[in-house]
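Number of protein chains: 2
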Amino acid sequence: MTSPSNLANTLADDDRDAMATPFMKRLVRLVRAQDTHGSWDGKSDTDLLADFIVTKEQRRQMPIIGDPDPDVIWRLQIFYTCVGLEIEGHSGLVASSIVTMNPEGFGRVVLTTGRLVVLSKTLRDVHRFGFETLRKLTEAGTKLVDDAVIAIKAYPDVARAP
Amino acid sequence: MTSPSNLANTLADDDRDAMATPFMKRLVRLVRAQDTHGSWDGKSDTDLLADFIVTKEQRRQMPIIGDPDPDVIWRLQIFYTCVGLEIEGHSGLVASSIVTMNPEGFGRVVLTTGRLVVLSKTLRDVHRFGFETLRKLTEAGTKLVDDAVIAIKAYPDVARAP
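Protein chains in written order, with my numbering: chain A, 1 to 162; chain B, 163 to 324.
I should point out that these hints are in silico values taken from the structure, not numbers from a laboratory. Don't take every hint at face value.
To be verified - Quick list of simulated restraints, FRET-style, between CB atoms:
1. B:Q223 to A:R32: 29 to 39 angstroms
2. B:A174 to A:D147: 18 to 28 angstroms
3. A:R59 to B:T217: 47 to 57 angstroms
4. A:M62 to B:L210: 44 to 54 angstroms
5. B:A195 to A:D147: 48 to 58 angstroms
6. B:Q220 to A:K136: 27 to 37 angstroms
7. A:E132 to B:D229: 29 to 39 angstroms
8. B:K305 to A:R108: 41 to 51 angstroms
9. A:I65 to B:F268: 36 to 46 angstroms
To be verified - Going by beta-carbon spacing under 10 angstroms, a handful of chain B positions derived as facing chain A:
10. G251
11. H252
12. V256
13. S258
14. F293
15. V311
16. A316
Every value quoted in this text rests on a predicted model; they were computed, and no experiment measured them. Think of the CB as a built atom: it goes at the ideal place given N, C-alpha and C, for glycine as much as any other residue.
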């Protein structure tokens, strides 16, 4: 059986591993780059990403009426920007993104390189955009990047077509 | 030398030819499909598309401040819907479209089939969306469709990739 303190240690290890991935390192850099007044200088990387984490309990309490919170939209955009930049880091090809969203929290995000669609995703529940844990955040981002890189390798000429 | 009446005849011929293209026939059908109350039943096809025509003189007089007119946005969307449906008609592949626009009248439209980007266009000056003549309207639409169909033929497997 796992004792409570062992469980806490495991969670802390999990978070530390999650923060060490290339995706998360880039996400932290992107978020810090938006901090033009240095007001987050004292924050740890983990604290900086705190609002990306939405637990099941928090989700239940979040209203989905009215326009999505501008901060949520900002996080969603920075997440997909990070995916795009990681794709560029792996492939050397610029991924341009296009995101639509309606006030009901539905939308679509498409990332392309050349003539290739490297990511196409329907957005639902934008009001509650977030991930249960740091590990799930990095896993989700990394998977989108990996899938895009696989597509670019499968269709290299299309990914470079003007 | 062309006499004024000959010139008028030539323009009328031009319009008639323009209205006879597959693109324009579909555009008319799309516009009529939006007329749920039958209030445009008495309008000729040419009259129905009148607002798609914006002469140079009219362009100069159109303000580009404030949000673009909802009617302009509606026409822009119906134009690209028509492009998408014509692409489907030629290729048998569904083209899904994604359009973004900011209040300054800039935006982007992307049409995809499968994993292929069949159309990617930066939108400028959305406030003044329109074409000088019916002929220019059908030429613009038909060219976008033709280019997309050429891309699908060049990359048939990508256009069908899930």
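Status of the hints after comparison with the structure:
1. B:Q223 to A:R32: 29 to 39 angstroms: Once the Cβ atoms are compared, 47 angstroms apart, the range 29 to 39 angstroms for R32 of chain A and Q223 of chain B is violated.
2. B:A174 to A:D147: 18 to 28 angstroms: Given about 55 angstroms between the Cβ atoms, the range is violated.
3. A:R59 to B:T217: 47 to 57 angstroms: holds (53 angstroms)
4. A:M62 to B:L210: 44 to 54 angstroms: holds (45 angstroms)
5. B:A195 to A:D147: 48 to 58 angstroms: violated (37 angstroms)
6. B:Q220 to A:K136: 27 to 37 angstroms: The hinted range 27 to 37 angstroms is violated for Q220 of chain B and K136 of chain A, with Cβ atoms some 54 angstroms apart.
7. A:E132 to B:D229: 29 to 39 angstroms: The hint (29 to 39 angstroms, Cβ to Cβ) holds, given that E132 of chain A and D229 of chain B are roughly 38 angstroms apart.
8. B:K305 to A:R108: 41 to 51 angstroms: 26 angstroms Cβ-Cβ, so the 41 to 51 angstroms window is violated.
9. A:I65 to B:F268: 36 to 46 angstroms: Taking Cβ atoms as reference, I65 of chain A and F268 of chain B lie about 30 angstroms apart, which means the hint is violated.
10. G251: violated (21 angstroms)
11. H252: violated (18 angstroms)
12. V256: violated (13 angstroms)
13. S258: holds (8 angstroms)
14. F293: violated (24 angstroms)
15. V311: Check failed: Cβ of V311 of chain B comes no nearer than 14 angstroms to chain A, outside 10 angstroms.
16. A316: Since chain A brings a Cβ to about 8 angstroms from A316 of chain B, closer than 10 angstroms, the hint holds.
Checked against the numbered hints given earlier, this structure breaks hints 1, 2, 5, 6, 8, 9, 10, 11, 12, 14 and 15; the rest are met.
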